[in-house]
Amino acid sequence: MVMVTVHIHFHMNIIGHGKMESQLEQNEWRIQVFELYEIIVNELYNSKTISALLFLIDNGRELSFLYNDIEYSITWKDKLLYLDNEKHDNLQMFDNAWELIENSKIEKYKFLEVWNDIKLLTLF
Numbered sequence: 001m002v003m004v005t006v007h008i009h010f011h012m013n014i015i016g017h018g019k020m021e022s023q024l025e026q027n028e029w030r031i032q033v034f035e036l037y038e039i040i041v042n043e044l045y046n047s048k049t050i051s052a053l054l055f056l057i058d059n060g061r062e063l064s065f066l067y068n069d070i071e072y073s074i075t076w077k078d079k080l081l082y083l084d085n086e087k088h089d090n091l092q093m094f095d096n097a098w099e100l101i102e103n104s105k106i107e108k109y110k111f112l113e114v115w116n117d118i119k120l121l122t123l124f
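Residue numbers for the sequence shown follow my numbering, so the first one is 1 and each next one is one higher.
To be clear, the hints were calculated from the coordinates, so they are not data collected in a lab.
Certain hints may be false.
As the list claims (entries may be wrong) - Beta-carbon label-pair distances, calculated as ranges: (1) F124 to L91: 12 to 20 Å; (2) E38 to H88: 31 to 39 Å; (3) L91 to E113: 17 to 25 Å; (4) K110 to E43: 16 to 24 Å.
Stated by the list, open to error - With a straight-line Cα cutoff of 30 Å, these simulated BS3-like cross-link-like pairs (lysine-lysine) come out: (5) K119 to K77; (6) K108 to K79; (7) K105 to K79; (8) K119 to K105; (9) K110 to K48; (10) K77 to K110; (11) K77 to K108; (12) K110 to K87; (13) K48 to K87; (14) K119 to K79; (15) K110 to K79.
For every residue, glycine included, the Cβ atom is placed at its ideal position computed from N, Cα and C.
Let the sequences and hints guide you as you build the complete structure.
See below:
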């Protein structure tokens, strides 16, 4: 990062414990968080890591994917996580992503047993 001294007038905000932070610093922080978030999304799509899936789902994201040409979805409703397929013949509910990954079934298999064969579609 290149630091440049510029004389500008900007709004100061007081944050936790009396620390003052400029609007410019807040915006830089938001950009860094957004960039980190994008890295995690890319990790999910490019490397298919379980840690990226856990983070994204537990932070409110939802996912659609294919397994054996059947579309599945992981969605949130009323603070519960649902795993369902396009046939709606095996709705499963969980408290969090960890529980879904450890206990859900896709067809007759555990989620982790088929994870490598899942084709990710859309992250909502």
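Evaluated hints:
1. F124 to L91: 12 to 20 Å: Check passed, 18 Å falls within 12 to 20 Å.
2. E38 to H88: 31 to 39 Å: holds, 33 Å
3. L91 to E113: 17 to 25 Å: Given a distance of about 20 Å, which is inside 17 to 25 Å, the answer is holds.
4. K110 to E43: 16 to 24 Å: Holds - the Cβ-Cβ distance for K110 and E43, about 22 Å, lies within 16 to 24 Å.
5. K119 to K77: The given pair, whose Cα atoms are some 23 Å apart, holds under the 30 Å limit.
6. K108 to K79: Given pair K108, K79 holds - Cα atoms ~26 Å apart, limit 30 Å.
7. K105 to K79: Judged against 30 Å, a Cα distance of about 20 Å means the pair holds.
8. K119 to K105: Judged against 30 Å, a Cα distance of about 16 Å means the pair holds.
9. K110 to K48: At roughly 17 Å apart (the allowed maximum being 30 Å), K48 and K110 satisfy the hint.
10. K77 to K110: holds, 23 Å
11. K77 to K108: The hint holds at about 25 Å.
12. K110 to K87: holds, 19 Å
13. K48 to K87: holds, 25 Å
14. K119 to K79: holds, 26 Å
15. K110 to K79: holds, 23 Å
Hint violations for this structure: none, all hints satisfied.
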